[in-house]
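Asker: Here is how the chains run, residue by residue.
2 protein chains.
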Amino acid sequence: MGLLVLKFGGTSVATVPAIENVANKVAAEIALGHKVAVVVSAMAGVTNQLVTYCTAINPLYDAREYDAIVASGEQVTSGLLALALHKRGIAARSWQGWQVPILTNDVHGKARIKGIETDNLKASLARGEVAVLAGFQGMAGNNRIATLGRGGSDTSAVAVAAALKADRCDIYTDVDGVYTADPRIVTKAKKIPKISYEEMLEMASVGAKVLQTRSVELAMKEKVPVQVLSSFDGALGSDIPGTMVVDEDNIVEQEVVSGVTHSRDEAKVTLRNLPDVPGVAAKIFGGLADAAINVDMIVQNVSPDKARTDLTFTVGRADLPKTLDILKAAENDGLKGIQVESSADVAKVSIIGIGMKSYVGVASKMFQTLADKGINIQVITTSEIKVSVLISEEYTELAVRSLHTAYGLDQA
Amino acid sequence: MGLLVLKFGGTSVATVPAIENVANKVAAEIALGHKVAVVVSAMAGVTNQLVTYCTAINPLYDAREYDAIVASGEQVTSGLLALALHKRGIAARSWQGWQVPILTNDVHGKARIKGIETDNLKASLARGEVAVLAGFQGMAGNNRIATLGRGGSDTSAVAVAAALKADRCDIYTDVDGVYTADPRIVTKAKKIPKISYEEMLEMASVGAKVLQTRSVELAMKEKVPVQVLSSFDGALGSDIPGTMVVDEDNIVEQEVVSGVTHSRDEAKVTLRNLPDVPGVAAKIFGGLADAAINVDMIVQNVSPDKARTDLTFTVGRADLPKTLDILKAAENDGLKGIQVESSADVAKVSIIGIGMKSYVGVASKMFQTLADKGINIQVITTSEIKVSVLISEEYTELAVRSLHTAYGLDQA
Numbered sequence: 003m004g005l006l007v008l009k010f011g012g013t014s015v016a017t018v019p020a021i022e023n024v025a026n027k028v029a030a031e032i033a034l035g036h037k038v039a040v041v042v043s044a045m046a047g048v049t050n051q052l053v054t055y056c057t058a059i060n061p062l063y064d065a066r067e068y069d070a071i072v073a074s075g076e077q078v079t080s081g082l083l084a085l086a087l088h089k090r091g092i093a094a095r096s097w098q099g100w101q102v103p104i105l106t107n108d109v110h111g112k113a114r115i116k117g118i119e120t121d122n123l124k125a126s127l128a129r130g131e132v133a134v135l136a137g138f139q140g141m142a143g144n145n146r147i148a149t150l151g152r153g154g155s156d157t158s159a160v161a162v163a164a165a166l167k168a169d170r171c172d173i174y175t176d177v178d179g180v181y182t183a184d185p186r187i188v189t190k191a192k193k194i195p196k197i198s199y200e201e202m203l204e205m206a207s208v209g210a211k212v213l214q215t216r217s218v219e220l221a222m223k224e225k226v227p228v229q230v231l232s233s234f235d236g237a238l239g240s241d242i243p244g245t246m247v248v249d250e251d252n253i254v255e256q257e258v259v260s261g262v263t264h265s266r267d268e269a270k271v272t273l274r275n276l277p278d279v280p281g282v283a284a285k286i287f288g289g290l291a292d293a294a295i296n297v298d299m300i301v302q303n304v305s306p307d308k309a310r311t312d313l314t315f316t317v318g319r320a321d322l323p324k325t326l327d328i329l330k331a332a333e334n335d336g337l338k339g340i341q342v343e344s345s346a347d348v349a350k351v352s353i354i355g356i357g358m359k360s361y362v363g364v365a366s367k368m369f370q371t372l373a374d375k376g377i378n379i380q381v382i383t384t385s386e387i388k389v390s391v392l393i394s395e396e397y398t399e400l401a402v403r404s405l406h407t408a409y410g411l412d413q414a
Numbered sequence: 003m004g005l006l007v008l009k010f011g012g013t014s015v016a017t018v019p020a021i022e023n024v025a026n027k028v029a030a031e032i033a034l035g036h037k038v039a040v041v042v043s044a045m046a047g048v049t050n051q052l053v054t055y056c057t058a059i060n061p062l063y064d065a066r067e068y069d070a071i072v073a074s075g076e077q078v079t080s081g082l083l084a085l086a087l088h089k090r091g092i093a094a095r096s097w098q099g100w101q102v103p104i105l106t107n108d109v110h111g112k113a114r115i116k117g118i119e120t121d122n123l124k125a126s127l128a129r130g131e132v133a134v135l136a137g138f139q140g141m142a143g144n145n146r147i148a149t150l151g152r153g154g155s156d157t158s159a160v161a162v163a164a165a166l167k168a169d170r171c172d173i174y175t176d177v178d179g180v181y182t183a184d185p186r187i188v189t190k191a192k193k194i195p196k197i198s199y200e201e202m203l204e205m206a207s208v209g210a211k212v213l214q215t216r217s218v219e220l221a222m223k224e225k226v227p228v229q230v231l232s233s234f235d236g237a238l239g240s241d242i243p244g245t246m247v248v249d250e251d252n253i254v255e256q257e258v259v260s261g262v263t264h265s266r267d268e269a270k271v272t273l274r275n276l277p278d279v280p281g282v283a284a285k286i287f288g289g290l291a292d293a294a295i296n297v298d299m300i301v302q303n304v305s306p307d308k309a310r311t312d313l314t315f316t317v318g319r320a321d322l323p324k325t326l327d328i329l330k331a332a333e334n335d336g337l338k339g340i341q342v343e344s345s346a347d348v349a350k351v352s353i354i355g356i357g358m359k360s361y362v363g364v365a366s367k368m369f370q371t372l373a374d375k376g377i378n379i380q381v382i383t384t385s386e387i388k389v390s391v392l393i394s395e396e397y398t399e400l401a402v403r404s405l406h407t408a409y410g411l412d413q414a
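Just so you know, the protein sequences line up as chains V and F, in that order.
Take 3 as the starting number for the first sequence in the numbering used here and just add one per residue.
Take 3 as the starting number for the second sequence in the numbering used here and just add one per residue.
Isolated chain V, as found in the complex (with noise of 0.2 Å):
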């Protein structure tokens, strides 16, 4: 008889009958006697329908008008699960994020939470009800509404799971868990029944979208068990059907490699001929900065000459054009001479594995595995549970279906 957090993302309330699924769930779970919070998201499209509307009519939206028109998504689908558990006789009300109050910080369009009071929860819960709560939204100073970014809606359930001191918190989305790899391109790929927090962290910042980082970064550090499952499979979170992510202490036997991972948003920029004095690389990455471009891998290689040196460094795909435009400017102030190489056929293939900490030739594993199949490694970066390389993009679903054999991971 626990106290149970259920998210439903837009696939899973995208209709009537989806939402009547949902509540099917919830009601499953009341049957089984546990007291249920459910965070949902919008109808999917809803919210791209209205942020196209905010671009539309001002492409320099305020944010917090922004957010009073994004966040009505969520009012919609809270109060139809809502009426869809009163049909099957069970108490519920919905709450929107000023009703509760969530409340967060002023940085409309992508607050963060800064704290939530839970005594009317408790109390509506303590009552029977099932509390049906708005997700991606809160209620920032002055009484305005606020959401979290895109993808939200888990940070507000893994939030809301750790306010209540819940059991679980299950994140029911379009896949029935977190994979060894992509199961589009690995067919032997198996679903991970339990994994560290660290490990979701790693994969979820390289690739695999199935959790929003920031939600495991808070689940991580408020210590909330957290499942990810299918909405549309006809499984129950209490069961355990779908990937746990827990506490790396709660693992007993840890694999050394628990995943495959890659991406194809990546784009590779080389610069040759630079100065090799201290500033060079602030300027430059000081101008990417500026932009609003993310910069990811970066490596600077050994200057022959000791006077000029090459750096290479990653960017998202759909930056590419931009950081060419600074990067043009910045030779034309101060860094003449330097000669720009860029590339967007390349892909990102990393492992992850807490295992990792302990054992020793990981790495070079990856390494030659890749080079027995003549794949060329561009970039390398590590930490302490994760490689990452960057080959050409050709060799994306050899290189993954070669590591997720070589370390063991494939179904037997």
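Do not rely on the hints blindly, as some may be mistaken.
Since the list gives no way to pick out one identical chain from another, each pair is judged satisfied if it fits inside one copy or across any two copies.
Mimicking DSSO-like on lysine-lysine, the simulated pairs with C-alpha atoms at most 30 Å apart in a straight line are [unchecked claim]:
#1 Lys211 - Lys193
#2 Lys324 - Lys89
#3 Lys124 - Lys167
#4 Lys112 - Lys89
#5 Lys112 - Lys285
#6 Lys192 - Lys330
The hints are simulated quantities; they were obtained by calculation from the structure and are not laboratory data.
Put chain F on the given structure of chain V with help from the hints.
Answerer: Same frame as chain V, but now just chain F:
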């Protein structure tokens, strides 16, 4: 340099270009030096879509959840209009019902406004901001969202105008004013420049669907000058191009008859051979009231034999089948021997005019005019400033046109 409240209905904000048009009107009033509060409806069609969702999920929906769901439509348009004003360099912010707050009673789905806290609004207006209010909504007890019933944005606008002591409340809609008759029937119908609250109220209740009846009642009680005008013909409220609804005292030259209205939404029921004893009418109308059927005109004929009598009344045409069922049940329950006759081929035609109070012969001229055209009057009801007759539906246009001419309303 006044304070104006402008209200724009669903067709006036149905699309992005329509919202831009609204912003232009607001900007024009600001350019004249006025302070402006705007009340907006949802985009045309949105509220119906949301109601369809509610009904699909749970026909017996909880009105509190219904309110949270349908109020979202106005939330969107209030934000979008604020963005469109920003683009024109005009400071503006959206206000949801709970943000003002507009306080209502707890009758969800058709709540009444109890009060409006104006401190925040006034401070915003004083800072030079346009206040863009979501119409149709307020906050009931327990911080729940409440809505005022269909067409409630008119009432929102008048209530806000009263609370702010605005100089005028302009209701922008899809017609350019109140006419002496429906221009689709009477080509010589004239726009009425000024009409009294009482006349407008009678017109609203007998078929002129320009303003919600409740909003006129409120305007009369609070003495808010209301103008009805079109969003679509380039007119600006401050030029007073529409129909002003004002106190009787402000109308210098009162017409004997201000307008001729008609309604085809009627059905007639006649009960013959009713026992002429106390309690019979109560039995019949009590049953109809229990079924929420609104009875309009009622006439009881003198009974020729002093023991039995005839009774005629009208109901909404859509309610006729249910009405006949109830009368059938009453016949089997102590009203044996009565005969029930009914007809849906009827129309109600009314003449309305504040001047009737001080002129005699107004009604008889109506009866004579209709008689001259061979139109039989089936039922007559009168109020102090209105005479309504029920006639065969096929004569509707002829009756309206004849009366329009007879009372000197034809355009020169």
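Asker: Hint by hint, say whether it matches the structure.
Answerer: Tested hints:
1. Lys211 - Lys193: So lysine 211 and lysine 193 pass the 30 Å test inside one copy only (15 Å; across, 61 Å).
2. Lys324 - Lys89: Between copies only: 26 Å across chains, 53 Å inside a chain, cut-off 30 Å.
3. Lys124 - Lys167: within (11 Å within a copy, 42 Å between copies)
4. Lys112 - Lys89: between (35 Å within a copy, 22 Å between copies)
5. Lys112 - Lys285: within (28 Å within a copy, 62 Å between copies)
6. Lys192 - Lys330: neither (46 Å within a copy, 69 Å between copies)
In this structure, only the earlier hint numbered 6 is contradicted, and the remaining ones agree with it.
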